[in-house]
Each structure stands twice: as C-alpha cells, then as structure tokens.
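Visitor: Protein chains in written order, with numbering that gives the first Met the number 0: chain R, 0 to 512; chain S, 0 to 487.
Do not take every clue at face value.
Unchecked claim - Just some of the chain R residues that point at chain S, by a computed CB distance under 8 angstroms:
#1 ASN98
#2 GLU147
#3 ALA188
#4 LEU196
#5 VAL203
#6 LYS207
#7 SER313
#8 SER349
#9 GLU410
#10 LYS411
#11 ILE419
#12 ALA421
#13 ALA429
#14 GLY432
What the hints assert, rightly or not - Some chain R residues well away from chain S (every beta-carbon gap over 10 angstroms; in silico):
#15 PRO58
#16 LYS135
#17 ALA139
#18 ASP273
Simulated from the structure, these hints should not be mistaken for lab results.
From the three backbone atoms N, C-alpha and C, an ideal C-beta is built for every residue, glycine too.
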Amino acid sequence: MMTRTYTSRPRAGMVAAAIAAALLAASCAGAPASAPETVTPAATEAPAVASSRPLPSSPVSGWKLSAEPGKFMRANLTTIETRTLANGVKLIVKKNPANRVYSMKVAFRGGSAMTSAEKAGIEAMTLAMLTRGSSKFSYAAIQRLQYELSSSIGYSASSYDWASFDLNTIDKYWDQMLAVYADCLLNPAFDPAQFSLVQNDFRVSLQKAQADPYSYAVTKLHDSMFAGHPYAADFGGSAASISAISLDDVKAFYRDAIAAERMVVVAVGNFDTDALAASLNASIGAVPTKGSAVPEVARYDARRSLMLERFDKSKGIGYVRGDFPIATPDSPDFATLQLAFSMLDELLFSIVRTDHGACYSVWSRAFGFKSPYGSLVVYKTDRPSEAKGWVDEAIALLASGKTINIKGGDEKYAPIASTIEAYKAKYVNAFFGSQQTNAETAAQLASSHIYFGDHLEYLRFIDKIDAISAEDVVAAVRAYVVDAPISWIVVGDQATLSKVDKTKFDAFTGTVE
Amino acid sequence: MKRLVAVAAALLVAIAVPAFSDDTPIPGLHRYRLDNGLELFVLENHAVPLTRVQITFRCGSITQGPETAGLFHLYEHMLFKGNSKYRTETEFSAAMTDLGVAEWNGGTSTEYVTYYFTVPSDKTEAGLEFWSYAMREPLFDPAELSVEQDVVSNEINGFLGDPDRVYSAAMDKALFGAYPWRRDIGGNEAIIRSATVDTLRGIQSTYYVPNNAALFVGGDVDPEQVYAMAKTWYGAWKRGADPWKKPTPAHPMPGVTEPVYLAYPDESLPAGIAYVEMRFRGPDVITEPKPTFAADVWGYLIQAPEGRFKTGVFDSVPALYNKDYLGGYYYTQRDGGQLSFYTYCFTDPSLPIADRAKALFRDAVVKGQVGAMVSDPAYFSDADFTVVKQKLEDEQIINLETPEHFIETLSFWWSVASTEYFFDYVPSMKKVQRADIGAFLTKFVLSNVPVIAVRLNPSDYATEAGALEAAGFKTVSADNAFWWKDGE
Numbered sequence: 000m001m002t003r004t005y006t007s008r009p010r011a012g013m014v015a016a017a018i019a020a021a022l023l024a025a026s027c028a029g030a031p032a033s034a035p036e037t038v039t040p041a042a043t044e045a046p047a048v049a050s051s052r053p054l055p056s057s058p059v060s061g062w063k064l065s066a067e068p069g070k071f072m073r074a075n076l077t078t079i080e081t082r083t084l085a086n087g088v089k090l091i092v093k094k095n096p097a098n099r100v101y102s103m104k105v106a107f108r109g110g111s112a113m114t115s116a117e118k119a120g121i122e123a124m125t126l127a128m129l130t131r132g133s134s135k136f137s138y139a140a141i142q143r144l145q146y147e148l149s150s151s152i153g154y155s156a157s158s159y160d161w162a163s164f165d166l167n168t169i170d171k172y173w174d175q176m177l178a179v180y181a182d183c184l185l186n187p188a189f190d191p192a193q194f195s196l197v198q199n200d201f202r203v204s205l206q207k208a209q210a211d212p213y214s215y216a217v218t219k220l221h222d223s224m225f226a227g228h229p230y231a232a233d234f235g236g237s238a239a240s241i242s243a244i245s246l247d248d249v250k251a252f253y254r255d256a257i258a259a260e261r262m263v264v265v266a267v268g269n270f271d272t273d274a275l276a277a278s279l280n281a282s283i284g285a286v287p288t289k290g291s292a293v294p295e296v297a298r299y300d301a302r303r304s305l306m307l308e309r310f311d312k313s314k315g316i317g318y319v320r321g322d323f324p325i326a327t328p329d330s331p332d333f334a335t336l337q338l339a340f341s342m343l344d345e346l347l348f349s350i351v352r353t354d355h356g357a358c359y360s361v362w363s364r365a366f367g368f369k370s371p372y373g374s375l376v377v378y379k380t381d382r383p384s385e386a387k388g389w390v391d392e393a394i395a396l397l398a399s400g401k402t403i404n405i406k407g408g409d410e411k412y413a414p415i416a417s418t419i420e421a422y423k424a425k426y427v428n429a430f431f432g433s434q435q436t437n438a439e440t441a442a443q444l445a446s447s448h449i450y451f452g453d454h455l456e457y458l459r460f461i462d463k464i465d466a467i468s469a470e471d472v473v474a475a476v477r478a479y480v481v482d483a484p485i486s487w488i489v490v491g492d493q494a495t496l497s498k499v500d501k502t503k504f505d506a507f508t509g510t511v512e
Numbered sequence: 000m001k002r003l004v005a006v007a008a009a010l011l012v013a014i015a016v017p018a019f020s021d022d023t024p025i026p027g028l029h030r031y032r033l034d035n036g037l038e039l040f041v042l043e044n045h046a047v048p049l050t051r052v053q054i055t056f057r058c059g060s061i062t063q064g065p066e067t068a069g070l071f072h073l074y075e076h077m078l079f080k081g082n083s084k085y086r087t088e089t090e091f092s093a094a095m096t097d098l099g100v101a102e103w104n105g106g107t108s109t110e111y112v113t114y115y116f117t118v119p120s121d122k123t124e125a126g127l128e129f130w131s132y133a134m135r136e137p138l139f140d141p142a143e144l145s146v147e148q149d150v151v152s153n154e155i156n157g158f159l160g161d162p163d164r165v166y167s168a169a170m171d172k173a174l175f176g177a178y179p180w181r182r183d184i185g186g187n188e189a190i191i192r193s194a195t196v197d198t199l200r201g202i203q204s205t206y207y208v209p210n211n212a213a214l215f216v217g218g219d220v221d222p223e224q225v226y227a228m229a230k231t232w233y234g235a236w237k238r239g240a241d242p243w244k245k246p247t248p249a250h251p252m253p254g255v256t257e258p259v260y261l262a263y264p265d266e267s268l269p270a271g272i273a274y275v276e277m278r279f280r281g282p283d284v285i286t287e288p289k290p291t292f293a294a295d296v297w298g299y300l301i302q303a304p305e306g307r308f309k310t311g312v313f314d315s316v317p318a319l320y321n322k323d324y325l326g327g328y329y330y331t332q333r334d335g336g337q338l339s340f341y342t343y344c345f346t347d348p349s350l351p352i353a354d355r356a357k358a359l360f361r362d363a364v365v366k367g368q369v370g371a372m373v374s375d376p377a378y379f380s381d382a383d384f385t386v387v388k389q390k391l392e393d394e395q396i397i398n399l400e401t402p403e404h405f406i407e408t409l410s411f412w413w414s415v416a417s418t419e420y421f422f423d424y425v426p427s428m429k430k431v432q433r434a435d436i437g438a439f440l441t442k443f444v445l446s447n448v449p450v451i452a453v454r455l456n457p458s459d460y461a462t463e464a465g466a467l468e469a470a471g472f473k474t475v476s477a478d479n480a481f482w483w484k485d486g487e
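Only chain S is shown next, with the shape it has when bound in the complex:
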C-alpha cells in the first residue's frame, strides 16, 4: 500500500512545525542539493544506532524499448558485481560485511531503480564512501556479466510460472498495449543474454548521473555532517545530460478503445472463489497532477468498511465474497497511472462469472456508485472527510516509528513525481473538494474504457469457459500473457 504510506508521510508537511528544520517543513528532514545536481535528504532519528542509506535513480522499465526490456534490472544486479575499488562481487560483499552492513538490496521498479543498506551509525561515512564507487565507477567485467546473466535468467524464468506475474503481465499488455515493454521490469532471457558491456555503459551514461539521482540518509546521524560526507564522496560525480529532456510519448488515454475482457485460469485461487478486477488508465502525475490529489482523497473515502461504496457494490452484485476484499484505488505513476476496482466472489454456475464481471460488477461500480459520487453531493459526508483527515494524522504517527518507512516513501515520491509534489501533497489534499473528486471520476471512470479480468481456479474455469468465451473473454495463459511472446 505504497499510496497509504505515502499519504501518511506526506502529511508531515501539513502538521509540521517548521522550526524543526531549516530546509523542509518536515520535522527532522533536511534537504540539500550538491553542485552536480545530486539531491540529498537527511532524516534524523536516534532511536537505534543505525543509519539507513538509500540512493534512487529515475529510470526502470519506463525507459525501456522492446529491445531493452529487462536491462535496467540486469544493470541493477551488475552494480553489485565489482567497481573501481572493490573489483569483484565477493570483494564487494566482503566489504559490506566488514562495515557491519546487516541489510541491503537493490530493486528495480517501473519508474525507479533503488539501492539501500543499513550500516552502524558510526560508520555512516564509510558506508557512503563504499557505495559511491558502485554508483559512479562500476566495472562491468564481461565475465561477471555472463555469470549475472545466468543469475537473472534464473530469477525471471522463475516468474514465468508465478500466477501473479502472469496476470500482471496480461493486464499490462492489455491496458498499455502501445508500449507494454515500459511496464515490463523483468523482460525475457533472450534480451538479458543479448546485453553487452556497451549496453550497460549506455544506461550508465544516460541515467546513472547525479542530476538524475537522490541520496537518502536516515537514522542516528547529524545532517550537516552527512552533507559534508556527501560532498566528499559524491561531489566529484560528473553531471550528465538531462535524460528526461525529450519526453517519450505517453501511453494512450484511454488505455483501450473498447472494453477488453480477460479470464485467467489460476491455480492460486481455490475452487469456488474467483477474483474480479476492472482497471482503467488513470492520470499520469507529471502531466496531470491535480486529479491525483482528488484520486487519493477518494481512495481513502471508499475504504470505509461500512461505507456507501462497499455496501452499495456488495449489495448489488450477487455472491460477492466479503466487503473486506472489495475496494478500489489509484496508483500514482508518471507513465502509466492506473485506477482499479476489485472484488472476490463465489463461483456459481447459476450466476455466470462472465455476467457478473462484465455487467453487474461494472454497472454497480460505474453507473451505481461512481455515478452517485458524481451526482450526489451528499454521497460523502463532512464526517467522512473528517475521518480521512484524522487518519492521515494518525498514519503519520505510525510511520514515524522507523526511518525506513519515511525514506521509502520519500524515495517513491521523488521518483514518480517530484520533491515539490511531495512537500505540497497534504496541502493539496486538503484543498480537494467534492467537485474535484467528481471531475476526476467523470474523466477517469465514467468517460473511460476498462479492462475487465477474472481469475478463477482451473476447475471453475472449465465449468464456465463456454460462457466466458461467448461473452468475449479472452483466456490468459503463461503463453500469451507476456507481450514479448506475441512474436514467437
């Protein structure tokens, strides 16, 4: 629930006492920018003698083409494989052990690549120095690349049988059909094995530049000292050209021109219980920031367990599973915002899943509840809005327990939006009016075209296959879910 964490952390802005920090309205958070463009955020939290260091780059599958899908993930792996100071992965790992690093990893997502580790706070500078070599001067030894191509192939091939990955790939292919590789983090083995050192150097020179990165440091630290350390170890990192100067074309809006219906025989669901989702293309946060605030307030409002949305949908569609597992959300992205409604339901041949997904669930959500949200000013009460504001404040308290949560949140927002968006987030949320929510829903639900999918146990699918096919549902499998298999 990245969104919820993000909202909670961003609320810090709203209730912050600026005296805590010279640089930001967030208590304990300091912001700096080095001359080379590297942004530095330092959060003080002295609860335990540890420092969390995270560095994030704005790249990932968003920057891929059909010939490079998966290579940002491979690159992420290669940063652990040796650099100018620690020549091999073994040396690299050994140095981390020597530093007392207990937790570390890298991650590649659709819109960011991030690396983090936790180090004893008295070794903060040593940790920053250690990491600087990997960020700035990776070796990309061809032999190491070959080994890592094996490793990554094992990783991504293991996903090919993962029901969640198969389903996700099918949904992305349907909703983002123009550029599905921009949603595909893993790619495929052929592309991974096609990578050369030159390929990686190209990624490095384009995206792994300080003006496309942010360094986050949180824990038992002194911000000014960290700033000085960052200047020492990252100050000479050479600025590059702005990789985002020439924007790529946006994914089409709406994502599909006609509704698309998918049915996935899915062994991860027990017989008798199915999952239904209706997904729309949503606003991209950079080009359309305003509706994203309305979307997030709305996302909180419809979570109310006994609220009108859940109750209305649950009562309108027969044999739904449980209101607890019925909901909706908006997922913030700069290149592929999405809006989803979902529910579990019981299967029943007398209540064909095709009808319930295609007509009853869709109508209950779109014509029923969303229509009412737009037309009825009393759909959400003042008390509902008060609860949302209270929840935002509460979640800030909860998220202040550890610096990791805050850093992860800030890193996410820095990547998909901007620092300014993050700092202005709660004030912007507080300005959201019912009309803003209405406008958001009108454009992105009422006037939009969905992909509707059902996941059900293969035995249930066998029973309903004929009806699903007759209703226009295309059957999803591991053989047709991935965009790159289309040409095979």
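This is chain R alone, in the form it adopts within the complex:
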C-alpha cells in the first residue's frame, strides 16, 4: 500500500508482458482455482460447440530465418557458455560485467503435467518449503542472512510447464549465499511448523486472487477450458488442493521429482564459468537422477463456449475474456502471432476504448505454453456484448490487412505493409525492456532451453521478428484468430450479466475483406 497510483492504462507494458508471456510462457493471471465462499456461482454456460475448423497442419507463415545470425545474437553469443555438471545437468552461464548482481535459477521441467488436479500447486509448495530451512540453516538463519546480505532465495512457479528455485545476490556475498541456497535445495528441513505456514500463505494468496473479479474470471475459464487436461492442475493450486496436500506429499514429491533429469541451471552475472561449474559440482551437481519422466503435453480440447459468472461485488462492471488455441512456440506462426497481437492491440484500443469508451482497457496475448493459447480481454466494461462485437471488428480489420495508420493523414487505417516495420521496432524494444535485469535474462535462457531445447533460441527473437512479412500476419490471423473456437467468459454482477447478449458470442461477427 506504500503508494497508490491510478494509471491511464493497465495495458502499458503489455507488449513487454506479452513477450515475457510468450518467451517465458508465464501465467496470464496467476490464476488459482477456487471460488470465494461469498460469491454466488450462479453460473450459466452455453452449450459448447466443437471447434469449427482445425488448426493448420503446417505453418501458414512463409518467413525463413537467415542463415547468418543477426547483430543481437552475434553480440551475445560470446557472453554465453555452457558446462555439464557431474550429474549431467546443463549449466548455462551468461557473463554480465555491467553490474554486480548475481542471479541463479535451477529450473525444473514438467510443471502441471507432473501432478494431478487434486495435488495442484504441490511443486510450488515444495519449492516454497526449500526456503524454509535446511540441515545447516534454520529458517530464522536464512531470513537473517537474506536481510543482512540484501539477498533473496525464492522460487518461481508461474508457468504450466516449468518452475524454478532462485537465488539473487551481490558478487561479494556469492559464496556465502550459494552455500545456503545449495543446502536448501539439497537438504531441506521440511519442518512441520513451517509447512503449516506455507500452506497458510498459499491460502491467503489464493483467497486474495479470488476476491479480484478478473483473476476469478481467469480461474473459472481455465477450470472449464482445461478440464481433463494436465493444465487443470494449476501451478498455483486450488483451495481444495492446497488444503489436501500434506507434508508427506511434499516430501514424496521432493524425493521423486526434484531430480537431475528435470533440471537446468542458469547463472547470469560476472561469473567465471569454470570456477562456478567446479563449485556447483560439489552441490547441485550431486542431485541424483531418479527416472522422473516429464510427460508430453497435448493440446487442450478447444471448443466455442460462453460462461457467465456472477461476481456481485463488481457492480455494473464486467470482465470479458476469451481464450483459444494457437500455434506452438516452436512454430513460425507463433512469432507471427506475437507480432500480429501487437498490431491487434492498437486496433482494439482504438475501437473499443477510444471510439466507444466501452472499457478501461482491452488487449490480446499469445501464451507460448506447450499447449499454447491466445487471449482476448476486455477489462472493466459496462457493455460486454457490444465490446465483444468491437473486438471482432478489430480482428477483421487486421485479417483484412489493415492496421492503425501510424503515419498520419485522413485515413484511420493503413495496409500492414506500410506499418509493419514500426511494429517490429516497437516489439523489439519491448524485448530489450524485458531483459534488463540479470534475473530476467536468466529466465529467458531457462525458458529457451525448456521450450526449444536450445538456450540460445531467445537470441533469435529479433531475427524472427525481422523476417515476418505483412502476408504472414494476415495468414496467421485468419488461420488462428478469425472464427476461432474461443472459450469466452463474462464476469459481473447479476445486472451486468442479465444484459449480455449471448448470441454475440456464438460466432465471429467481423467481416473480413
């Protein structure tokens, strides 16, 4: 509560966030899955309709990467080295002498697919327990060291596909903090009293999220959308799963799943790679392999549907979101869609908010999970049905080859070919902005390794964006967004929901030229 600020647009930074989402496959809303007791569900759901058309069997984008890496990749290649630890775990080191911060991430592949919906959140709870005391360091000692040495040991569980155990410190404290971090990872105390506190922390976090109508919308949507799919086990857990998970469950998960075959280690800072590898061999390099298979994740079963969910506190204001399947991150179409959504955001904003004043914000995103999906969001609207129609209008414009005319003049819209370079520049700048800290860069490297099997993949991002043509954008939007099998949800109070015209959500209402 230290500072309260009202902003012009929650979407600012949306491009950067979208990039983070796409490259890191981060969560869209940190959406835990439980309904607050005081919210009357009173949900209605229109009959689901199977996908009207299949996704393309091959990429519709025609762009090809140049054989020669671009400037950004060339400049960074020399700063990145790899080693293999004694247990076969890959160590990726990016040397950054520009500051004195040292960041390390031990990333674990698997995510939601490693557990069931009944045990959703167990990986996050397990990683949280690693910070709560080890054989050599009590929780109190760890807290004191973090305070006195301005360091942090924590975890990140914000993706359906992976999670990480993290250390951030300063060069002068590295040896001291690495010893603590490694002991936490290798020899967690699993103190029952600390487990109780961790469990409560998760409950508090989930309850807070569910008191927010937008988070509530995402949760309800994904509960429905991912039913029967591995992503039904949300990484943040649900009220039921968090309560059901026991310390023995956490110990068992640690015993079975905190395994070398799921791990990759990333370090960013002014490291000496050989010295770092040597020091890690004695600790993280000792984590054994356990035969812990990482399941493959299939696409979720997409279907067109509409859910209406009551949230009585949201008086007169609705929250609209629609998710739909898109290309996988390794497809050329995924990069195309990322750029396309950047263009679409401008159209959405101009039509839904600027022209009609129908919402506080509106945006689109591409989430590059193993089961990827796109999202369309109208945030805080008093006209949900009309807003959906205007969203379709924006999509249709883009699918017709038009963007906002950014060069001025009487015409509001202009051919993509005349604006695409500016959108590329904007997107690339957001990319730079998303990796300014060592921790952000470490996340990029880990994500690249996990999704592409190549930690250098993120260095190709700019080259990919540069290669995309206007025709690629149109083709991708038509193939994945126009008339997509979108699972919609509208959350609001009864008065807002009663005004929703369900027919507006039955089909795509835009006209593509």
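Following the hints, position chain S against chain R.
Guide: Chain S only, in chain R's frame:
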C-alpha cells in the same frame, strides 16, 4: 516499497565519487534547470539501446477539493487524447508506435502526476519532441472528454468492489477526516462527469507549468545532448505562477483526537486469518523534515527478521500469524505522512480479535517495544546500525541494474520533498542518532492517537461481530468507506 528503493538510490549520494558528474554527487546523474523553471535530470546508463523519459508534475489528489476529487486523474487520461500536433488519441498512439515506443503510461498519485515512456535511444529527441506537445498543448476536445469520462468511470467504478481500495478509503477517511478528498485519487463518477473543458484548462494553467515539473531522462544518452534537446522542445514552455505559494492548511495532527476502531469484513482474506493495522498521522516532510530521516533509519532497524521488535511483539500477542508479516513503516508525504504497524493473526473466538487489536497489539507495540526503543539506549545495537548502513550500500548496487528504478525513485522524492532533500538524504540519515529516533517515536507514536483496524473474512466477522461492536469497532463496507458517500 517506495521507501526502500528511495533510500537505496539516495545512498548514491553517500558513496558517490563526484568526479563522475559535474552537476550532482550521483554517478552518471546530471542536473539542469531551464530558464522557464523546468528541472531536467539525465542519468547515463548504456546497458541497452533504450531511453526512459519521464515527466512529473507536483499535483494530484493533494490539490483537490471536495468538488474536484478525481479530476487530476481524469486530466492525466486526457493528455493522451490529442494535442496541437496529434489531434486524436488514435493519432497520438500511432505516433508512439511509429517511434517504437514499447512501454508507456501515466499515473496519478496523491502528490504527483507522472508520465513515462521508453523509446529507442536513437529516437530520444523525437520522443522528447513528441511528448512536448501533450504536456504543453493538449486539445481537450469536448467529444474526447465525454468518451474519456466513460473510460474513467469504468475504471474507478471497478475499484468500488476492490477490498484494498475500500479499506484504504476507510482508513484515509478516518485518519484524514478534515480533508479526505486530498487523499482520494479516484473520486467518484458524478465528479468525473461534472468536469468540463474549462475545469481541465484551470488545472493546466495552474499546475501544468514548467516551473512545477521535472523531466527525467535515463539510459543510452549523452547528457549535454539531452539538455540541448530539452531546451529546444521545452524551452518555450511558458512559466506560470507558483501553485504552491499559498499553502493549504495541513491535515490535523494527530489525525484523530480519540482512537478510532474499524472492522472490515473482507473477502480477500481466508477464514481463520485476519489482518490488524495501527496507523498514526506522521510528519509531513516539507514542514518537519528532520524526523523523517530518523523514521527511515528506524524503518530499516525494525525490519530485522529476528530483531527485538518483531520478536517482542510476536511473543506478546497470542496467535499472531508469522513474524515475516509483522512490521512497521513510515510513509513519506508532504501532505499526509503516515506511520503504520501491522500484523496478520489467526482468528480464534477464545481470543477475540477486538481485544488483541485494541489492547494487546497496541500495547505490545506502543508501551512495549516503542517504549523500550525510547527508554533503552541498547534497544538497537551498534551492530544493528552497521547492518543498516551496509544494506543501504547493497541496495544501491541492486538498484543500479536499471535506470527505471533510479528515475522512479528520483521522481518520487522530487515530488513529495525536493531535489535538495534527495541529495542530502543519506548524509542526513548517517547523522541520525538514537536520540533522534527516540524523539521521533515519542512525538509520533507515544504521544499520538491511532486508527486501529482489523480486516477479517466475513465468516470470522460474523462470529466476532458482537465483540467488535461492543469494543467500539465501526464496521466498514463499500457503502460507508468513501467520504463522498457520506452525504448520499
């Protein structure tokens, strides 16, 4: 944690090597002032080919009356709605895209309104030019105003059901009861819809003048070149009258004459866990700067995870949740400084929350720990002070990772205090003695009167409602939390 970031950035002063800059003791930071009074700060950081541009005005809810609450926020929105060069919001947004602007926004707070964007560093001048039209020559087209009134109404009406907003409004109304609209950034829909172009022009001529603004530029830039650019694009901006020449009356001190007790049935908390806060009116930084330095050193000292403060309070009050979520802080403001103590606790009908908040927590903090801080010279050891100094240096290193952190920090301090306050911050912190902390706590805690609030799940509230009411707790709801609903 604005305070912590601010402290860390301000420490630059203490350990700076002045040779890095001709203008300031902060490495890489250059300071200029244009003839029209516009202050310019330029921070060099060549890590990525980007430039962060931020412009900040000293205004916000601090300058509001009951008839204008929320209008500075509306004004902030309207600056994106067209100006003399980019006539519509669509043109404005399109131009930003053409510049390659990836991140941008505006924000209205209690004591400042700020706008920022990030542009490729080779387009720094184009970015400064682009922004100058919005700052100097907004159109305020009536049709655009009407649309934006819809947008802002959607935004602020969405907050009416937000538990944190409801709680914050109730606390502000209680602690700043004389002028609650000066703490209310959003206002309400009726006021928003009452705004006219003339209203906005009045705000513009009074507050959106260069001598009430500061321009911050950080990143891959050359300071002298930026100075020249600023003169080109902002030099002709006409100076206005000093909007702060005639000060408004301060919020009363203490904020309340008798303790006020509030209970908020809050769905954002799970059953079984409650939140307790005790908030005092604190020093205003412009009129009482000295205690603010003591307050900030004190704020660091009581953060120690196993320190005497946390341990003492935790051990004194039954069924508290966790020492990690128990603490206190001072929030710097020029018009509404505040001091807060907080904790989470478990609910238990045999340990009524009313008793624990009203008596046990208050006594443990005020009579117990704060009393000891004042009376016992050994309460904070020399080693404790050494750790704080070390932390300040460490956080400077951490905050040097990106220019955004530094600019945000500097903008905050420029707004709520002054550049000189910021530059003198760490030297002043280093001069703080135990007696200064004692004096600060004596005046602002021991001799002060608090607002004490509990937030608890509605099911827990139902169990304890009778006891809370009997203990004098007033129930907070969305219907009575906002000052402007009192007359409805």
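Visitor: Now, for every hint given, state plainly whether the structure supports it.
Guide: Hint check:
The interface hint given for ASN98 (chain R) holds, since its Cβ lies 5 angstroms from the closest Cβ of chain S, which is under the 8 angstroms cut-off. Evaluation of the GLU147 (chain R) hint against chain S yields a held restraint, the C-beta minimum of about 5 angstroms falling below 8 angstroms. Interface hint at ALA188 (chain R): violated, since its Cβ lies 16 angstroms from the closest Cβ of chain S, which is beyond the 8 angstroms cut-off. The beta carbon of LEU196 (chain R) is positioned within 8 angstroms of a beta carbon in chain S (closest approach about 6 angstroms), and the interface hint is therefore held.
The interface hint given for VAL203 (chain R) is met, as the beta carbon of that residue sits about 6 angstroms from the closest beta carbon of chain S, less than 8 angstroms. Given hint, LYS207 (chain R) at the interface with chain S, holds; its Cβ is 5 angstroms from that chain's nearest Cβ, closer than 8 angstroms. Hint status for SER313 (chain R) relative to chain S: holds, with the closest Cβ pair at about 5 angstroms, below 8 angstroms. A distance limit of 8 angstroms between C-beta atoms decides the matter here; for SER349 (chain R) the minimum to chain S is near 5 angstroms, and the interface restraint holds.
This hint is violated: GLU410 (chain R) has a C-beta 11 angstroms from the nearest C-beta of chain S, more than the 8 angstroms allowed. Hint status for LYS411 (chain R) relative to chain S: holds, with the closest Cβ pair at about 7 angstroms, below 8 angstroms. Violation of the interface hint for ILE419 (chain R) is found here, the shortest Cβ-Cβ separation to chain S being roughly 11 angstroms, above the 8 angstroms cut-off. The criterion of a C-beta within 8 angstroms of any C-beta in chain S is met by ALA421 (chain R), whose closest approach is roughly 5 angstroms, and the hint holds.
Look at ALA429 (chain R): its Cβ gets to within about 4 angstroms of chain S, closer than 8 angstroms, so that hint holds up. About 6 angstroms separates the beta-carbon of GLY432 (chain R) from the nearest beta-carbon of chain S, less than 8 angstroms, and the hint is met. Every CB of chain S lies more than 10 angstroms from the CB of PRO58 (chain R), the least distance being 26 angstroms, so the non-interface label holds. At roughly 17 angstroms from the closest C-beta of chain S, the C-beta of LYS135 (chain R) stays outside 10 angstroms, upholding its exclusion from the interface.
Distance to chain S contradicts ALA139 (chain R) as a non-interface residue, since its nearest Cβ pair spans about 5 angstroms, not more than 10 angstroms. Its beta-carbon lying about 25 angstroms from the closest one in chain S, ASP273 (chain R) satisfies the requirement of being farther than 10 angstroms from that chain.
Violated hints, listed in ascending order, are 3, 9, 11 and 17; each of the other numbered hints is respected by the structure.
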